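**Student:** This is what each chain is made of:
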Amino acid sequence: MAESITYVRDRFIDAEKPPASDSSVIAWLHRNLFASVTDSAMTIVAILAIVWYLPAAINWLFVSAVWTGADRTACLTTDQGGQLPAGWSGACWAYVNDRFVQFMFGSYPRGELWRPLLVVVMFVGLLIPFLMPKAPRKGLNALLLLIVFPIVSFFLLLGGTFGLRHVETSLWGGLMVTLIISFVGIVVSLPAGILLALGRRSQMPIMKTACIVFIELIRGVPLITVLFMASVLLPLFLEPGNNIDKFLRALIGVSIFASAYMAEVIRGGLQAIPKGQYEAADALGLNYFHKMTFVVLPQAIKLVIPGIVNTFIGMFKDTSLVTIISMYDLLGIVKASFGDSGWITPVTPLTGLIFAGFVFWIFCFGMSRYSAFVERRLDTSHTR
Amino acid sequence: MAKTIVTALVGAAVLGLGATAAQADTLSDVKAKGFVQCGVNGSNLAGFGAQDSSGNWAGLDVDLCKAVAAAVFGDATKVKFTPLSAKDRFPALQSGEIDLLARNTTWSVSRDSQLGFDFRAVNYYDGQGFMVKKELGVKSALELSGASVCVQSGTTTELNLADYFRSNNMDFKPVVFEAQDEADAAYNAGRCDAYTTDASGLYSIRLKMANADDHMVLPEIISKEPLGPAVRQNDSRWLDIVSWSHYAMVAAEEFGITTANVEEMKASANPDIKRFLGEEADSTIGADLGLPKDWAVQIIKAVGNYGESFERNVGEGSPLKIARGLNGLWTNGGLQYAPPVR
Numbered sequence: 001m002a003e004s005i006t007y008v009r010d011r012f013i014d015a016e017k018p019p020a021s022d023s024s025v026i027a028w029l030h031r032n033l034f035a036s037v038t039d040s041a042m043t044i045v046a047i048l049a050i051v052w053y054l055p056a057a058i059n060w061l062f063v064s065a066v067w068t069g070a071d072r073t074a075c076l077t078t079d080q081g082g083q084l085p086a087g088w089s090g091a092c093w094a095y096v097n098d099r100f101v102q103f104m105f106g107s108y109p110r111g112e113l114w115r116p117l118l119v120v121v122m123f124v125g126l127l128i129p130f131l132m133p134k135a136p137r138k139g140l141n142a143l144l145l146l147i148v149f150p151i152v153s154f155f156l157l158l159g160g161t162f163g164l165r166h167v168e169t170s171l172w173g174g175l176m177v178t179l180i181i182s183f184v185g186i187v188v189s190l191p192a193g194i195l196l197a198l199g200r201r202s203q204m205p206i207m208k209t210a211c212i213v214f215i216e217l218i219r220g221v222p223l224i225t226v227l228f229m230a231s232v233l234l235p236l237f238l239e240p241g242n243n244i245d246k247f248l249r250a251l252i253g254v255s256i257f258a259s260a261y262m263a264e265v266i267r268g269g270l271q272a273i274p275k276g277q278y279e280a281a282d283a284l285g286l287n288y289f290h291k292m293t294f295v296v297l298p299q300a301i302k303l304v305i306p307g308i309v310n311t312f313i314g315m316f317k318d319t320s321l322v323t324i325i326s327m328y329d330l331l332g333i334v335k336a337s338f339g340d341s342g343w344i345t346p347v348t349p350l351t352g353l354i355f356a357g358f359v360f361w362i363f364c365f366g367m368s369r370y371s372a373f374v375e376r377r378l379d380t381s382h383t384r
Numbered sequence: 001m002a003k004t005i006v007t008a009l010v011g012a013a014v015l016g017l018g019a020t021a022a023q024a025d026t027l028s029d030v031k032a033k034g035f036v037q038c039g040v041n042g043s044n045l046a047g048f049g050a051q052d053s054s055g056n057w058a059g060l061d062v063d064l065c066k067a068v069a070a071a072v073f074g075d076a077t078k079v080k081f082t083p084l085s086a087k088d089r090f091p092a093l094q095s096g097e098i099d100l101l102a103r104n105t106t107w108s109v110s111r112d113s114q115l116g117f118d119f120r121a122v123n124y125y126d127g128q129g130f131m132v133k134k135e136l137g138v139k140s141a142l143e144l145s146g147a148s149v150c151v152q153s154g155t156t157t158e159l160n161l162a163d164y165f166r167s168n169n170m171d172f173k174p175v176v177f178e179a180q181d182e183a184d185a186a187y188n189a190g191r192c193d194a195y196t197t198d199a200s201g202l203y204s205i206r207l208k209m210a211n212a213d214d215h216m217v218l219p220e221i222i223s224k225e226p227l228g229p230a231v232r233q234n235d236s237r238w239l240d241i242v243s244w245s246h247y248a249m250v251a252a253e254e255f256g257i258t259t260a261n262v263e264e265m266k267a268s269a270n271p272d273i274k275r276f277l278g279e280e281a282d283s284t285i286g287a288d289l290g291l292p293k294d295w296a297v298q299i300i301k302a303v304g305n306y307g308e309s310f311e312r313n314v315g316e317g318s319p320l321k322i323a324r325g326l327n328g329l330w331t332n333g334g335l336q337y338a339p340p341v342r
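For the record, the sequence lines run as chains A and B.
Its first residue numbered 1, the first sequence is counted upward by one per residue in full-length UniProt numbering.
Its first residue numbered 1, the second sequence is counted upward by one per residue in full-length UniProt numbering.
In case anyone wonders, no lab produced these hints; they're calculated from the structure.
A few of these clues could be false.
[Said to hold, decoys possible] Here are a few chain B residues that face chain A, going by a calculated C-beta distance under 7 Å:
{"no.": "1", "residue": "47"}
{"no.": "2", "residue": "55"}
{"no.": "3", "residue": "83"}
{"no.": "4", "residue": "84"}
{"no.": "5", "residue": "86"}
{"no.": "6", "residue": "153"}
{"no.": "7", "residue": "210"}
{"no.": "8", "residue": "216"}
{"no.": "9", "residue": "262"}
{"no.": "10", "residue": "318"}
{"no.": "11", "residue": "319"}
[To be verified] Chain A stretches covered by chain B per the calculated footprint, using a threshold of three residues with CB under 8 Å from any CB of chain B:
{"no.": "12", "segment": "158 to 166"}
{"no.": "13", "segment": "227 to 238"}
Quick caveat, the model's predicted, so the values are computed rather than measured.
Ideal Cβ placement from N, Cα and C applies to all residues, glycine included.
Generate the whole structure from the sequences, applying the supplied hints.
**Tutor:** Here you go:
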């Protein structure tokens, strides 16, 4: 039998390499950067821009920068009264270094800084397992992070009880304020937004009208107006001395505002769920609560993750608006520090703004990457 | 428009509060709570109100707040600061959130009457000035015809600028910015020939310039900006205390009393000085004001006399290096003049 077969290949031929026009560096360049005249032109302009600006930026930010110093004279040239050569320009990181604690915690009493630091440790310790899908005990973790942590932080930061010194909110500032407002805004707005969105799509006329009025009223005014009303006009109508804390007013304003926007994002997801899903749930005999929590909302929220994160990122940056009611978030406290005659120099404002921008970027980029990760994980391939 | 509405609402609220304001007694409130709540400038005005890196407040206005605390409590640390923006400073005072507004606020008739505040002392005489590039070769604001001028919008500065050029039959091109920072940056970047704001602000922007020596401040001052502490209307006891806290600093400078020599000066042969420092047996000045007998001593120990405070915050002892000028004592050709202490 075997003799009759003249030739049998007993192993595969090695795969040929792809043609050079498809795999070499030149091919990659050709395909991605110089595919057409327009592409080539844009590539060249981009390269020129990088060559032109990047070394200058690196030089300004790192090479020429001043890293240590006690006051403004460290960042001044000889003709401005300092030590640096005439014509010098560079970042004044010494100023950020000197102000760092203030940028993080505002005027929080320096002897009590362990309290916000402890809050940060608790926050990070609870947030990281909360964000990791594989970490165990999600329910307990969520309870600790979303209910217990805010209450403990409240007493820890404000003090006045358990023998802790009272630290009024007017002393809070910097990144701490930015994060507190954002965290409260996020924790409140997501559930409140879901409830409002469900309310708006409900069959009950009073509930429906109330939700529509709330959402449209809040969305119809700028955040700056809400804050300004809460901070400037509200106290005029209250008895003197009965003021609600300004920080609390800002928190409420931001939370209400974020909830209204969140409601509309969630509603977009609810509307994208086919009617069949609702009917199927009804046919299975699920009640309203089960239908929503097991069938509709998981699909709807997955659909609108980009929108939700977009709202969170927007809100994180909107917290800077509290500056107009004289509360100092990160950006506000950086800008306020420009007025300190101890550090006033030509390069201080730019350095401070770059620092604030970088911190904001870290947080926003982190949120954005995490949302991309969640999207990939929840992706049940509806993609075509 | 928005401004008008806010003003109207504030005005309405003021009328509503009028009844309670008539019996207002800020001094008792302050004594009851144990500290003075003082509204100051939270941002961008070097030398008047700013925080250092450890969170301590410093500045000419801050010193006035400390002086009031020293006078009332004999302890300049019994003061809390509320940093305020230009917009929310007036409602903050009106609503009782603060006891005293010392935020480089210009004393004007409308603020004194319509807004329901009282002003009496002036702790800094400011005025609007111009800065130009030296290369323009301009030596006077009257030569600025046709110039482009960087200015902040919605301020009295902008209105004064238009009035000044119109009354001198000159043309100009306003380059208007919403925020002071933006106007500063635009002038620095060379977008306008001239820059205008209050003279104290011109000194502080010079510190932010890479090449300050290429620019000069023109001699003309085109407006009056008397900056002083404001309190709520119809509370003359508190107004007396705030005003005399400032006058005590000025009087101390006239008498030559400083932080360093205040103890020796108590033994001075000059009866005026002894009376001022509460050393005369029959001196009732402190008691008449509702203050301890040694109120002036406490002020001087805490913040020094007016000259010391000025030099430390905005004068030679600070990067601003503002000359005394209008803020010199009246005996030196300035406007700082304390009524007699007797």
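**Student:** Minimum Cβ distance from residue 83/B to chain A below 7 Å?
**Tutor:** Interface hint status for residue 83/B: holds (5 Å vs cutoff 7 Å).
**Student:** Answer holds if the nearest beta-carbon of chain A is closer than 7 Å to that of residue 84/B; otherwise answer violated.
**Tutor:** 5 Å, holds
**Student:** For the hint on residue 153/B, does the least C-beta distance to chain A fall short of 7 Å?
**Tutor:** Cβ of residue 153/B sits 16 Å from chain A, so the hint is violated.
**Student:** Holds or violated: residue 319/B as interface residue toward chain A, Cβ cutoff 7 Å?
**Tutor:** 5 Å, holds
**Student:** Restraint: residue 47/B near chain A, CB-CB cut 7 Å. Satisfied or not?
**Tutor:** At about 6 Å, which falls below the 7 Å cut-off, the nearest Cβ of chain A leaves the hint on residue 47/B intact, so it holds.
**Student:** Does the nearest C-beta of chain A fall within a distance shorter than 7 Å of the C-beta of residue 55/B?
**Tutor:** 4 Å, holds
**Student:** Next item in the hint list is residue 216/B. Is there a CB on chain A closer than 7 Å to its CB?
**Tutor:** The hint is violated - residue 216/B has no Cβ within 7 Å of chain A, the shortest such distance being about 15 Å.
**Student:** Any CB of chain A closer than 7 Å to the CB of residue 318/B?
**Tutor:** Since chain A brings a Cβ to about 5 Å from residue 318/B, closer than 7 Å, the hint holds.
**Student:** Quick check: do three or more residues in the segment 227 to 238 of chain A have a beta carbon closer than 8 Å to a beta carbon of chain B?
**Tutor:** n = 8 at 8 Å, threshold three: holds.
**Student:** Residue count check for the segment 158 to 166 of chain A against chain B: does it reach three with CB-CB under 8 Å?
**Tutor:** Since three or more residues must qualify, the claim that chain B covers the segment 158 to 166 of chain A is violated, with 0 doing so at under 8 Å.
**Student:** Does residue 262/B hold up as a contact with chain A if the rule is Cβ-Cβ below 7 Å?
**Tutor:** 26 Å, violated
**Student:** Quick check on residue 210/B please, does its C-beta sit within 7 Å of some C-beta on chain A?
**Tutor:** 4 Å, holds
Going down the numbered hints, you'll see the structure goes against 5, 6, 8, 9, 12, while the others check out.
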